[in-house]
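Visitor: Given the coordinates of chain F, assemble chain R onto it according to the supplied hints.
2 protein chains.
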Amino acid sequence: MRECIRKGQFTGPTGGLAPGYVQTNMVILPKEQAYDFLVFCQRNPKPCPLLEVTDPGDPEPKSLAPGADLRTDVPKYRVWRNGDLADEVTDIVDLWRADLVAFLLGCSFTFDTALVNAGIDVPHMRDGQGANVPMYVTSIPTKPAGVFHGPMVVSMRAIPREQVVKAVQVTSRFPTMHGAPIHIGNPGAIGIRDVNKPDYGSVVDMKDEDVPVFWACGVTPQEVCLASKPPFMISHAPGHMFITDVRDEDMAVI
Amino acid sequence: MRECIRKGQFTGPTGGLAPGYVQTNMVILPKEQAYDFLVFCQRNPKPCPLLEVTDPGDPEPKSLAPGADLRTDVPKYRVWRNGDLADEVTDIVDLWRADLVAFLLGCSFTFDTALVNAGIDVPHMRDGQGANVPMYVTSIPTKPAGVFHGPMVVSMRAIPREQVVKAVQVTSRFPTMHGAPIHIGNPGAIGIRDVNKPDYGSVVDMKDEDVPVFWACGVTPQEVCLASKPPFMISHAPGHMFITDVRDEDMAVI
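Protein chains in written order, with the numbering used here: chain F, 1 to 254; chain R, 1 to 254.
This is chain F alone, in the form it adopts within the complex:
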């Protein structure tokens, strides 16, 4: 799959591809901002669970995918300048610099698979729902670090009432993939006015017996970028993740 992406043969979203393999969010920053971002991730492990940090100028994620190239192996990239989205591209070979550091962050695709495997009915994983989870900017502030600050973004899964406990258990096994929910039941309590109007992603059908359950989301760094305006940043395009060589189950703590 990564070879197809590298050759430009595939530029779409990666949800459901290479099932069983960990996919990650990606943030690339100049070394000058990298220290602050590392501390930011340490202080906000639920939205920003750090899986790998590359050496400056080295585009190879030696731990999660030896031999891969982060300049070409993500289907779609976003280029940010001073906090504004400047461009969307399918490789960053021409933008790469000797001072760039890549951060790979856990992604909820791993626990979505685990939820489905556990027999939990996750709306955006149902046939025809398009596998795009609804996401919301909350009133929960992240803990600032250096130049980085901003609100936490969450994803929502509408879980049948009798499966909520199981959903907590299943996702708790994956602390580096956002882990257990941060809130169950009351969108207003975390600053979400209307669950039918997500800030990112798509609305999903909610049944009467469904409870809205919220998890910290890897889109948080992009919202933090909007707020913090670093001079230069590259990220994956939402849904267009980096596919690693690591199996989902290798990331489970129990």
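Hint data in this document are derived by calculation from the structure and do not stem from the laboratory.
Treat each hint with caution, since some may be false.
[Unchecked claim] Chain F is nowhere near these chain R residues, computed Cβ spacing over 10 Å in every case: (1) Gly-12; (2) Val-53; (3) Ser-63; (4) Trp-96; (5) Ser-139; (6) Pro-141; (7) Lys-143; (8) Ala-158; (9) Lys-197; (10) Pro-198; (11) Val-203; (12) Lys-229.
[To be verified] With a straight-line Cα cutoff of 35 Å, these simulated DSBU-like cross-link-like pairs (lysine-lysine) come out: (13) Lys-46(R) <-> Lys-76(F); (14) Lys-197(R) <-> Lys-62(R); (15) Lys-62(R) <-> Lys-166(F); (16) Lys-62(F) <-> Lys-207(R); (17) Lys-46(R) <-> Lys-207(R); (18) Lys-62(F) <-> Lys-31(R); (19) Lys-166(F) <-> Lys-31(F); (20) Lys-166(F) <-> Lys-207(R); (21) Lys-46(F) <-> Lys-46(R); (22) Lys-207(R) <-> Lys-46(F); (23) Lys-166(R) <-> Lys-31(F); (24) Lys-76(R) <-> Lys-46(R); (25) Lys-7(R) <-> Lys-76(F); (26) Lys-31(F) <-> Lys-207(R); (27) Lys-76(R) <-> Lys-166(F); (28) Lys-166(R) <-> Lys-76(F); (29) Lys-229(F) <-> Lys-31(R); (30) Lys-46(R) <-> Lys-229(F); (31) Lys-143(F) <-> Lys-197(R); (32) Lys-166(R) <-> Lys-46(R); (33) Lys-62(F) <-> Lys-143(R); (34) Lys-143(R) <-> Lys-76(R); (35) Lys-46(R) <-> Lys-62(R); (36) Lys-166(R) <-> Lys-62(F); (37) Lys-229(R) <-> Lys-166(R); (38) Lys-62(F) <-> Lys-229(R); (39) Lys-31(F) <-> Lys-46(R); (40) Lys-7(F) <-> Lys-207(F).
Built from N, CA and C at the ideal position, the CB exists for glycine as well.
Guide: Leaving out everything else, chain R in the frame of chain F:
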């Protein structure tokens, strides 16, 4: 307890003190080496589970113990210059500088309590054994980052054969306190010639039915310091930990 330590009324080891509260390892480095050490911790989360990073020059660990002062609230400190132990002191007020960053790392005292609470017979927690766990330098290399490299240090607990599985389960709940064991049963497989000759800590009685179980250890940064020779570093003295305001159970993932 921290007030006693701050006033110099207590300068001893902290094992067993303030039971139920998380204690941490501590490493203090100039900002210049802090980035490399942050990446080192990210790459070696089992021996170096990072719980807090302070802002440069700020001795207050705002997350784990608001109001505490890391210059006075550790019972005993070690001062390292170019990788050599230069001094052992009971406060670092005169050594503090505007560019110093403190790293607080998880400590196995938390899961020792959990093991005992789970009914597991941990030798160094038995009466009269002095609560000092045996520790060994292994043949397992840490993943290097910038200037930091060196071998992993492990602690050993001799666990009765029929309780080994339970010990894995209990410690798995605390991934930020070194988590699950890294090896069970064969000291030679990880480069330990003789379990009766630990590199740090004390020998403990092993019974015939005991299995040696090894966990990654927070002494690793000190061994890495010996190998990597940063110009200036301060750490806690072994066993003389920083006591936080956070409860052990707050750190459990499930």
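Visitor: The structure should be examined with respect to each hint, and the outcome stated for every one.
Guide: Okay, the hints, checked on the actual structure:
1. Gly-12: holds, 30 Å
2. Val-53: violated, 5 Å
3. Ser-63: Contrary to the label, Ser-63(R) does not stay out of reach of chain F, its closest Cβ about 7 Å off (not over 10 Å).
4. Trp-96: Given that every Cβ of chain F is farther than 10 Å from that of Trp-96(R), nearest at about 19 Å, it holds.
5. Ser-139: holds, 20 Å
6. Pro-141: holds, 14 Å
7. Lys-143: Non-interface label on Lys-143(R) violated, nearest chain F Cβ at 7 Å vs cutoff 10 Å.
8. Ala-158: It holds; Ala-158(R) is separated from chain F by about 23 Å at its closest Cβ, greater than 10 Å.
9. Lys-197: Answer for Lys-197(R): holds, closest chain F Cβ roughly 32 Å.
10. Pro-198: holds, 28 Å
11. Val-203: Per Cβ check, Val-203(R) is outside 10 Å of chain F; nearest 31 Å; holds.
12. Lys-229: About 20 Å separates Lys-229(R) from the closest Cβ of chain F, which puts it past 10 Å; holds.
13. Lys-46(R) <-> Lys-76(F): holds, 33 Å
14. Lys-197(R) <-> Lys-62(R): violated, 40 Å
15. Lys-62(R) <-> Lys-166(F): The hint holds at about 34 Å.
16. Lys-62(F) <-> Lys-207(R): violated, 42 Å
17. Lys-46(R) <-> Lys-207(R): holds, 28 Å
18. Lys-62(F) <-> Lys-31(R): Distance ~26 Å between Lys-62(F) and Lys-31(R) Cα, so the pair holds.
19. Lys-166(F) <-> Lys-31(F): violated, 41 Å
20. Lys-166(F) <-> Lys-207(R): violated, 40 Å
21. Lys-46(F) <-> Lys-46(R): holds, 18 Å
22. Lys-207(R) <-> Lys-46(F): Status violated; Cα separation ~42 Å.
23. Lys-166(R) <-> Lys-31(F): violated, 44 Å
24. Lys-76(R) <-> Lys-46(R): At roughly 24 Å apart (the allowed maximum being 35 Å), Lys-46(R) and Lys-76(R) satisfy the hint.
25. Lys-7(R) <-> Lys-76(F): At roughly 57 Å apart (the allowed maximum being 35 Å), Lys-76(F) and Lys-7(R) break the hint.
26. Lys-31(F) <-> Lys-207(R): With Cα atoms ~52 Å apart, Lys-31(F) and Lys-207(R) exceed 35 Å; violated.
27. Lys-76(R) <-> Lys-166(F): violated, 45 Å
28. Lys-166(R) <-> Lys-76(F): violated, 45 Å
29. Lys-229(F) <-> Lys-31(R): holds, 23 Å
30. Lys-46(R) <-> Lys-229(F): holds, 34 Å
31. Lys-143(F) <-> Lys-197(R): At roughly 44 Å apart (the allowed maximum being 35 Å), Lys-197(R) and Lys-143(F) break the hint.
32. Lys-166(R) <-> Lys-46(R): Holds - the C-alpha atoms of Lys-46(R) and Lys-166(R) are around 19 Å apart, at most 35 Å.
33. Lys-62(F) <-> Lys-143(R): Holds - the C-alpha atoms of Lys-143(R) and Lys-62(F) are around 11 Å apart, at most 35 Å.
34. Lys-143(R) <-> Lys-76(R): holds, 29 Å
35. Lys-46(R) <-> Lys-62(R): Roughly 24 Å separates the two Cα atoms, so the pair holds.
36. Lys-166(R) <-> Lys-62(F): This hinted pair holds, its Cα atoms lying about 34 Å apart.
37. Lys-229(R) <-> Lys-166(R): violated, 39 Å
38. Lys-62(F) <-> Lys-229(R): Holds - the C-alpha atoms of Lys-229(R) and Lys-62(F) are around 25 Å apart, at most 35 Å.
39. Lys-31(F) <-> Lys-46(R): Given pair Lys-31(F), Lys-46(R) holds - Cα atoms ~25 Å apart, limit 35 Å.
40. Lys-7(F) <-> Lys-207(F): violated, 42 Å
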